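Chains as they are written, first to last, in numbering that gives the first Met the number 0: chain G, 0 to 261; chain Z, 0 to 356; chain C, 0 to 558.
Fair warning: there could be bad hints in the mix.
[As the list claims (entries may be wrong)] DSS-like cross-link-like pairs, simulated, lysine-lysine; straight-line CA separation at most 25 Å:
#  : chain 1 : residue 1 : chain 2 : residue 2
1  : C       : K143      : C       : K371
2  : C       : K241      : C       : K442
3  : C       : K330      : Z       : K307
4  : C       : K451      : Z       : K24
5  : C       : K241      : C       : K143
6  : Z       : K196      : Z       : K210
7  : C       : K143      : Z       : K24
8  : C       : K143      : C       : K451
9  : Z       : K234      : Z       : K210
10 : C       : K40       : C       : K241
11 : C       : K442      : C       : K143
12 : C       : K40       : Z       : K24
13 : C       : K371      : Z       : K24
No lab work stands behind these hints: they were computed from the structure. Computed from a prediction, not measured in an experiment: that's the story for all the values here.
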Amino acid sequence: MKALSQKRRHPLAAIALLLMGLLVTGGLYAVATTVNQAKADTTTYSASDVEEGGKLFAANCATCHGMGASGSQSGPSLVGVGAAAVDFQVATGRMPMEMNGPQAQQKPAQFNEEQTKQMAAYVASLGPGPAIPEAGVLGEKGDAAKGGELFRTNCAMCHNAAAAGGALTRGKFAPALAGVSGQHIYEAMVTGPQNMPVFNDANISPEGKRDIITFLKQIEANGSPGGADLGALGPVSEGLFVWIAGLGVIIAFTIWLTSRTS
Amino acid sequence: MGNHSDGSPSHSGTVATAGQNEVEKFQDPGIPPHRLRLADTDPRAAKKAERQVALLFGISVVGTLIFLVSYFAIDLGNDSSIATIRLQNALLGTGTAFAMLGIGTGIVHWAKALMPDHEVSEERHAIRTEDDRQAAVRIVDDIVEETGIKRRPLIRNTLLGAVALAPLPALAIFGDLGPRPDNTLAHTMWAPGPDGKLKRLARDPDGTPIKAADVTIGSAFHVIPEGLNELTEGKLNEKAKSVVLLMRLNPEELHPSPERADWAYNGIVAYSKICTHVGCPVALYEQQTHHLLCPCHQSTFDLTQQCKVIFGPASRPLPQLPIAVDSEGYLVATSDFHEPVGPTYWEREQHVLIPNS
Amino acid sequence: MSSSLTPDAPVFAAKTTGGRITDFVDQRVGGSGILREFGRKVFPDHWSFMFGEVALYSFVILLLSGTFLTFFFDPSMAETHYAGSYTPLTNVEMSVAYSSSLDISFDVRGGMFMRQVHHWSALLFVASVSVHMLRVFFTGAFRKPRELNWVVGSVLLILSMAAGFTGYSLPDDLLSGNGLRIIDGVIKSIPVVGTYISFFLFGGEFPGTMIISRLYTLHILLVPALILLMIVMHLFMVVVHKHTQYPGPGRNDGNVVGYPLGPVYAAKAGGFFFIVFGVVAIMAAFFTINPIWNYGPYDPSPVSAGTQPDWYIGFVDGALRLMPGTIGDWKVEQIWFGHMFTFNVLLPALVPAGILFTVMFAYPWIERWITKDNREHHVLDRPRNAPTRTAIGMAGFVWYCVMWAAAGSDLIATHFHVALNDVTYWLRALFFIGPVIAFIVTKRVALALQRKDREIALHGRETGRIVRLPHGEFIEVHAPLDEYKRYMLVGFESPAPLPAVPNDHGVVDRKEKLRAKLSRWFFEDRVAPASPAELEAAHGHHGVHEAVEAAESQKTLSH
Chain G
0 MKALSQKRRH
10 PLAAIALLLM
20 GLLVTGGLYA
30 VATTVNQAKA
40 DTTTYSASDV
50 EEGGKLFAAN
60 CATCHGMGAS
70 GSQSGPSLVG
80 VGAAAVDFQV
90 ATGRMPMEMN
100 GPQAQQKPAQ
110 FNEEQTKQMA
120 AYVASLGPGP
130 AIPEAGVLGE
140 KGDAAKGGEL
150 FRTNCAMCHN
160 AAAAGGALTR
170 GKFAPALAGV
180 SGQHIYEAMV
190 TGPQNMPVFN
200 DANISPEGKR
210 DIITFLKQIE
220 ANGSPGGADL
230 GALGPVSEGL
240 FVWIAGLGVI
250 IAFTIWLTSR
260 TS
Chain Z
0 MGNHSDGSPS
10 HSGTVATAGQ
20 NEVEKFQDPG
30 IPPHRLRLAD
40 TDPRAAKKAE
50 RQVALLFGIS
60 VVGTLIFLVS
70 YFAIDLGNDS
80 SIATIRLQNA
90 LLGTGTAFAM
100 LGIGTGIVHW
110 AKALMPDHEV
120 SEERHAIRTE
130 DDRQAAVRIV
140 DDIVEETGIK
150 RRPLIRNTLL
160 GAVALAPLPA
170 LAIFGDLGPR
180 PDNTLAHTMW
190 APGPDGKLKR
200 LARDPDGTPI
210 KAADVTIGSA
220 FHVIPEGLNE
230 LTEGKLNEKA
240 KSVVLLMRLN
250 PEELHPSPER
260 ADWAYNGIVA
270 YSKICTHVGC
280 PVALYEQQTH
290 HLLCPCHQST
300 FDLTQQCKVI
310 FGPASRPLPQ
320 LPIAVDSEGY
330 LVATSDFHEP
340 VGPTYWEREQ
350 HVLIPNS
Chain C
0 MSSSLTPDAP
10 VFAAKTTGGR
20 ITDFVDQRVG
30 GSGILREFGR
40 KVFPDHWSFM
50 FGEVALYSFV
60 ILLLSGTFLT
70 FFFDPSMAET
80 HYAGSYTPLT
90 NVEMSVAYSS
100 SLDISFDVRG
110 GMFMRQVHHW
120 SALLFVASVS
130 VHMLRVFFTG
140 AFRKPRELNW
150 VVGSVLLILS
160 MAAGFTGYSL
170 PDDLLSGNGL
180 RIIDGVIKSI
190 PVVGTYISFF
200 LFGGEFPGTM
210 IISRLYTLHI
220 LLVPALILLM
230 IVMHLFMVVV
240 HKHTQYPGPG
250 RNDGNVVGYP
260 LGPVYAAKAG
270 GFFFIVFGVV
280 AIMAAFFTIN
290 PIWNYGPYDP
300 SPVSAGTQPD
310 WYIGFVDGAL
320 RLMPGTIGDW
330 KVEQIWFGHM
340 FTFNVLLPAL
350 VPAGILFTVM
360 FAYPWIERWI
370 TKDNREHHVL
380 DRPRNAPTRT
390 AIGMAGFVWY
400 CVMWAAAGSD
410 LIATHFHVAL
420 NDVTYWLRAL
430 FFIGPVIAFI
440 VTKRVALALQ
450 RKDREIALHG
460 RETGRIVRLP
470 HGEFIEVHAP
480 LDEYKRYMLV
490 GFESPAPLPA
500 VPNDHGVVDR
510 KEKLRAKLSR
520 WFFEDRVAPA
530 SPAELEAAHG
540 HHGVHEAVEA
550 AESQKTLSH
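Work out the full structure: start from the sequences and follow the hints.
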């Protein structure tokens with residue numbers, strides 16, 4: 000015990016600790032990569048789905064979106080937004096909104112899959128709109144390079160070239176896309192949730208959307224080839240890192256170097 | 000603790016003098032006595048430090064081996080995965096780090112623990128002595144005298160003139176670094192072709208033309224002029240001026256000025272994507288607020304007010320591209336932009352009227 | 000004269016092979032004289048003196064890794080289609096420069112490592128130059144005779160930024176391409192010649208096909224050569240001046256106290272090179288820098304959220320962001336005489352950087368004029384002992400940091416969940432009031448620290464032990480300082496304001512009046528070092544304490 004506590008005070012100890020921390024964090028980041036499987040389902044709605052969905056809607060959504068989803072002061076009309084919009088907003092937890100703010104925040108989903116499907120069925124019955132995408136367009140078998148080009152042209156300015164997210168005006172932001180399922184990415188593109196523009200099939204074809212999803216899933220699965228990605232935020236996080244960690248470790252070394260040995 | 004005075008009872012609160020103008024000062028006690036280290040007195044400690052240094056050098060050898068092994072054992076073939084590259088990078092770096100830190104910390108530990116650590120005082124010498132100065136002055140005087148430059152002003156003056164002019168060719172020779180600026184900045188590919196054919200709006204990057212019906216409300220299309228991808232020369236130069244953002248709003252939300260009444264089609268509007276601040280692509284479209292945001296410096300433009308600047312460092316609205324629909328239903332530009340696109344430049348005002356003529 | 004000319008002088012004959020080779024070289028280059036002069040030269044030791052070395056070593060690492068990179072990099076803007084092993088870019092149209100950068104990263108063994116070593120050490124290079132300059136400023140090391148070396152150092156800072164920027168743009172990726180786009184916009188805003196400079200730089204319209212190869216030449220030839228030249232001048236002057244030292248017992252303006260170059264200092268400094276290299280290697284091994292594969296090839300249409308320059312250009316980018324382009328409906332950009340005056344770009348791009356660098360270059364002369372201090376200084380000021388200078392430095396530093404932070408306003412907004420616009424509004428306010436607050440706070444803190452030093456010098460260190468005296472009074476025992484520690488706290492100068500002095504004609508001119516005013520501002524608030532008389536007085540007052548302390552120490556001894 001005594002030997003340990005003495006060693007702890009040793010001038011080398013701080014540096015050793017720093018080094019160890021640096022190595023461990025770096026190593027962990029470098030090795031850890033996550034793979035996310037997009038789930039896809041094709042659904043047909045029954046009359047009972049629509050009926051149940053209507054009840055759920057009246058109980059949970061109508062306060063803002065109005066009875067019959069015709070809209071009110073506090074929420075837009077949902078006639079014609081389609082099942083895709085409902086699935087995206089409800090399954091990602093954005094709706095029902097926790098509070099009024101610049102934009103609806105992602106949070107744990109408030110309804111289970113069955114309920115979400117019923118509400119989607121109800122809203123889809125009110126008017127034609129984008130349907131929940133079929134599994135065929137969600138596969139990760141697309142052309143990642145083509146998807147990358149489309150992503151950089153149409154998406155990177157808000158979501159960042161590495162899909163790490165970015166700021167919009169007055170408190171709004173484009174979220175990071177890591178961990179978002181292919182289905183939700185697809186639905187976001189066709190419905191244009193909140194301030195995101197709509198990318199209909201005439202703008203980006205279904206194959207193009209599949210390519211984008213393939214690209215996103217591929218870079219997410221790959222991780223950064225150079226080690227920890229520091230949030231993929233670009234030169235700002237790199238600058239912070241070199242000032243705090245890089246110079247910090249070097250200063251620790253200079254202090255050790257110029258201190259007197261006991 | 001009133002007694003713990005800072006010696007400043009009668010002065011302003013922030014001044015603390017030692018009471019008198021002529022202050023006697025503490026004498027410099029000199030360099031503190033040398034304190035011995037453990038390794039100086041205890042041979043065992045010295046031996047231990049010696050072993051530690053050797054161990055650190057040994058770690059360096061291990062690091063070098065790690066580097067060599069990971070360089071030769073991991074081959075980056077064409078089928079190498081990202082994980083392989085990451086692994087090799089990490090191992091090469093770890094090897095280098097051990098190799099370098101082993102040597103570095105070893106040497107420093109050696110210096111700190113085993114080399115004598117007596118502080119030494121060395122006198123400073125005057126950077127310039129008066130003797131040297133006088134000698135230098137004499138030498139310069141002799142040199143000046145021997146050249147006779149003072150006595151022969153003709154030589155001096157012609158030399159000065161020649162030397163002053165001689166660098167001019169060195170400047171002039173850079174004249175071909177680039178062409179002189181001309182009206183190219185005022186023109187883009189959107190001008191109708193020589194046969195009067197209007198340019199169609201095409202998708203970026205694949206270049207397929209866009210029908211008005213494709214652009215639903217809330218959509219944003221990134222647009223290039225038809226034929227841009229077929230250019231063999233200066234493609235990026237043209238693209239840097241001609242990229243456009245195409246959006247569709249509810250027509251009631253647009254408030255066009257009278258002269259731009261026919262520049263939109265059914266709520267579809269096209270604006271230059273190049274920021275009027277310093278030229279980044281203003282590509283962020285918020286479909287509910289109808290704001291365009293530049294991600295570089297956050298200039299914000301309001302689509303409903305003809306892209307007037309509502310926030311940020313830009314001064315001018317984004318130039319609008321007048322559009323219409325051709326007989327096949329495709330969107331076309333009815334003319335070039337009516338002003339130069341992109342960042343402001345000195346001659347811009349003279350170029351404003353050119354595209355119209 | 001020399002031994003070879005006098006036949007009867009004993010001729011030295013080396014015994015070993017190594018000795019003979021050394022002797023051969025020595026007779027031809029005169030190494031003995033150099034070693035005699037420098038072999039035992041004394042260098043003071045302090046951790047804050049090492050930043051210059053960090054900069055020098057990062058530069059060496061940059062030269063080594065950069066040379067490796069030039070063997071594989073091709074600075075051509077010709078069009079090609081990617082055929083390397085990074086699949087998310089397969090067959091994408093790009094420039095040869097970008098493609099060869101990707102090949103370095105993915106298809107050259109160790110190429111990724113060398114790229115990351117190069118970029119990390121570039122960031123570290125500029126950072127260590129900056130910290131080194133901050134150290135020199137705050138300790139007053141720029142004073143006579145080192146003013147010119149301060150100027151050389153400032154030139155090195157600018158050159159290091161130039162080296163960084165030219166290198167940042169070389170891979171021709173989307174991020175750096177948009178950076179060049181911004182540079183083009185800034186250049187075009189220059190009145191009269193802006194458009195010409197832009198056309199000359201890019202070889203025509205932006206982006207053209209020349210810029211990468213031109214920047215490459217600057218990056219690998221011209222800028223490093225200038226940096227080397229400046230480093231040689233810098234080190235030459237360090238040798239002429241000898242190193243400064245912190246105040247302390249035995250240290251004065253006439254000597255230099257420290258360790259001899261051989262062996263201790265040389266070993267530490269030499270070993271430190273390997274340590275810096277090792278730290279850079281760890282960063283390069285585990286932390287991605289400049290992931291060009293994410294950004295994609297340069298194309299004028301796309302852009303990524305979070306488009307920023309490397310950190311050292313950040314303050315200019317931040318200033319560009321802070322400047323409003325319109326105030327109400329009034330446009331900052333003006334059309335005068337049919338020409339454009341782009342003040343919304345010109346002002347932020349040139350004015351803050353201009354002020355910072357002008358003050359930086361001129362500061363030694365400004366302070367010298369105000370203080371009329373023409374003596375040589377080899378003993379440094381502790382920052383607290385020059386409160387006004389320290390406060391000026393902090394005001395400038397805070398001003399820089401506000402602009403620096405503005406370059407990341409979008410990331411501040413997303414990461415702290417505040418509105419982007421509010422971040423800008425706050426930073427605009429801080430741009431003006433931040434330096435003022437920093438000045439006032441720093442000066443007060445410095446003065447307070449000086450008072451604390453005075454307290455400790457006079458009354459000793461508070462031990463935290465409370466003792467009750469026989470008559471009931473409670474006092475805290477103060478441990479007296481030994482004379483060496485005390486001298487650390489009292490061995491400094493505290494100059495008083497210098498009133499205006501009439502010139503040769505007996506007149507106090509306006510300039511002199513201004514100088515006197517500045518001198519008052521500089522030295523009005525000060526805390527003088529404690530004097531022996533005060534210590535005497537304090538001891539008188541502390542008679543009781545000392546008795547207690549004596550008893551206490553007796554007690555400890557008897558334990």
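Evaluation of the provided hints:
With a CA separation close to 12 Å, the supplied pair C:K143 and C:K371 stays within the 25 Å bound. Between C:K241 and C:K442 the alpha-carbon distance is near 31 Å, which puts this suggested pair outside the 25 Å criterion. Our distance criterion of 25 Å between C-alpha atoms is met by C:K330 and Z:K307, whose separation comes to about 11 Å. A C-alpha spacing of about 18 Å is found between C:K451 and Z:K24, which places the hinted pair at or below 25 Å, so the restraint holds.
Among the hinted pairs, C:K241 with C:K143 is consistent with the structure: their alpha-carbon atoms are about 13 Å apart, no more than 25 Å. Distance check on the hinted pair: Z:K196 and Z:K210 sit about 17 Å apart at the alpha-carbon level, within 25 Å; holds. Simply put, C:K143 and Z:K24 have alpha-carbon atoms about 24 Å apart, close enough for the 25 Å limit, and the pair holds. Proposed proximity of C:K143 and C:K451 is contradicted: the alpha carbons are some 29 Å apart, above 25 Å.
For a cut-off of 25 Å, the pair hint linking Z:K234 to Z:K210 stands: about 24 Å separates their Cα positions. Among the hinted pairs, C:K40 with C:K241 is consistent with the structure: their alpha-carbon atoms are about 9 Å apart, no more than 25 Å. Annotation: proposed proximity of C:K442 to C:K143 holds, straight-line Cα distance about 24 Å (limit 25 Å). For a cut-off of 25 Å, the pair hint linking C:K40 to Z:K24 is broken: about 31 Å separates their Cα positions.
As the CA atoms of C:K371 and Z:K24 are separated by approximately 22 Å, the hinted pair is consistent with the 25 Å bound.
In terms of the numbered hints stated before, the structure departs from hints 2, 8, 12, listed from lowest to highest.
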